[in-house]
Every structure is written in C-alpha cells, then in structure tokens.
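Enquirer: Spelled out from the first residue to the last, the chains are:
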Amino acid sequence: ETGVTQSPTHLIKTRGQQVTLRCSSQSGHNTVSWYQQALGQGPQFIFQYYREEENGRGNFPPRFSGLQFPNYSSELNVNALELDDSALYLCASSFGQGGETQYFGPGTRLLVL
Amino acid sequence: LAKTTQPISMDSYEGQEVNITCSHNNIATNDYITWYQQFPSQGPRFIIQGYKTKVTNEVASLFIPADRKSSTLSLPRVSLSDTAVYYCLVGAYGGATNKLIFGTGTLLAVQP
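Here the protein sequences line up with chains W and Y, keeping their order.
Numbering-wise (the numbering used here), the first sequence opens with residue 1 and increments by one.
Numbering-wise (the numbering used here), the second sequence opens with residue 1 and increments by one.
Calculated from the structure, these hints are not laboratory results.
Everything hinted at is true.
Derived pair list, reagent style SDA-like, types lysine to any residue, alpha-carbon separation capped at 25 Å:
| no. | chain 1 | residue 1 | chain 2 | residue 2 |
| --- | --- | --- | --- | --- |
| 1 | Y | K69 | W | E100 |
| 2 | Y | K3 | W | Q37 |
| 3 | Y | K3 | Y | T29 |
| 4 | Y | K69 | W | T101 |
| 5 | Y | K54 | W | E100 |
| 6 | Y | K3 | W | A87 |
| 7 | Y | K3 | W | G58 |
| 8 | Y | K3 | W | F60 |
| 9 | Y | K3 | W | Q44 |
| 10 | Y | K3 | W | N55 |
| 11 | Y | K3 | W | R57 |
| 12 | Y | K3 | W | Q41 |
| 13 | W | K13 | Y | Q42 |
| 14 | Y | K3 | W | G40 |
| 15 | Y | K69 | W | Q41 |
| 16 | Y | K69 | W | G42 |
| 17 | W | K13 | Y | P40 |
| 18 | Y | K69 | W | Q44 |
| 19 | Y | K54 | Y | T21 |
| 20 | Y | K3 | W | T101 |
| 21 | Y | K52 | W | F95 |
| 22 | Y | K54 | Y | M10 |
| 23 | Y | K3 | Y | N25 |
| 24 | Y | K3 | W | N59 |
| 25 | Y | K52 | W | G96 |
| 26 | Y | K69 | Y | Q49 |
| 27 | Y | K54 | W | T101 |
| 28 | Y | K52 | W | T101 |
| 29 | Y | K3 | W | E100 |
| 30 | Y | K3 | W | P61 |
On the chain W side, residues computed to face chain Y include the following (Cβ under 10 Å):
| no. | residue |
| --- | --- |
| 31 | G40 |
| 32 | F45 |
| 33 | L90 |
| 34 | P106 |
Virtual Cβ for every residue (Gly too), placed ideally from N, Cα, C.
One chain only, chain W, in its complex shape (with noise of 0.2 Å):
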C-alpha cells in the first residue's frame, strides 16, 4: 500500500458529459501527478501539480484540468468527454517536483459510452 487513494474506483459518462476524479496524495508529499492508461498501453502524463500550481503538462488538450489544494489532495477533470477517454487515470504522489521516486494509487477505471 502506497498511501495514495483515488475517488471513484469505477466510473460511468456517456460522451460530452464532465467528470472529475479525485486524488490524496501520500502523508508528507507535496507533488501530484496524473497519467492516463489505455487498455495494453503504458501510463502516458497529463499534468503535475506541486504546492498547488501546474508544474509540467503533456499532451493532453485543455479539457484536462486539474487542481491541486492546500492539503496537497488534487482533482483532474476532463470536459466534453470523448470515447477515447475511457482508460484508467492513476495519480501518482512524491515529495518535491525534481525526480523524486513516485508512488501510484489504484486507479480509476472510466469508461465513456
């Protein structure tokens, strides 16, 4: 166990509907990331948070958000859904922004229909 959670485990959208999925990171870590993972695929990175701000981006469109928040607790969303989308989001917690070794959360299983 990592000490990372992520909310929900599974979710359901039909397409160009919102959702956001939330994150809390490890005790004592104040660095968020989150990647996406299709089916048979590697993780690939959308964004990571550290002391709140947007430290990095991949390429991702901007209908991927996120926040991170005081707590260092983070949320993604993802705007006007698309079937693409379906895959598994898993955040990922460290302590600074320079390389630190992440650990992962369970995931969060979207599907988009």
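Fit chain Y to the supplied structure of chain W, relying on the hints for placement.
Expert: Relative to the frame of chain W, chain Y by itself:
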C-alpha cells in the same frame, strides 16, 4: 527523456531467476534508471532505482554496465504472484518536472 526498449513478453517458471533487459542508448548523464511493476487494473509499484553498477533491495537487483546504455532487472526465484508488467524508465532527477515516460513494458508470465 531517453527512450527505452524492452522485450514485449517473457515466460518463466516458479523458482527461477528472471532477468529483464532494457536498452536506453540515449541516456543522459544525469538520468537515473527506474523499474516499476504493474498488476492488472492497479497502479504501478516502484521496484528499484539506480544510476550505475549494481543496486540490490529486498525484492530485486538492478545491474547497470559502465556505459549505462542498458540495464537488467533481476528477480530471484520468481513466484506466480510476480506475473505482471514490468516497466523500465529513465529520467533526470532535479529537473523542473518529474514526468515519468512509460513504454509498453514487459509482460512476465510465471508458470507453475
């Protein structure tokens, strides 16, 4: 970040030692090598990390030759529960963004 190449899949039997090799020809001077393990529908789990020579912990060893263009993850005496996907990643520490770049990984299947 350096691109990595590793076998798509490997088969083994319980009790054997398994070695998974990863190529990273373009590794930079300040890059570290990290391995993660992932079970289906779970988040990746950190296994081991190294910079050069050999690193050992309670679950695995990591061998890195002097040129650092490859690395080998060694799992001693595997069991059925070691069946998983193993990812090799390289990346710099101390950078502005701690972005992990995963490849497709190696699916290790351990049989009785």
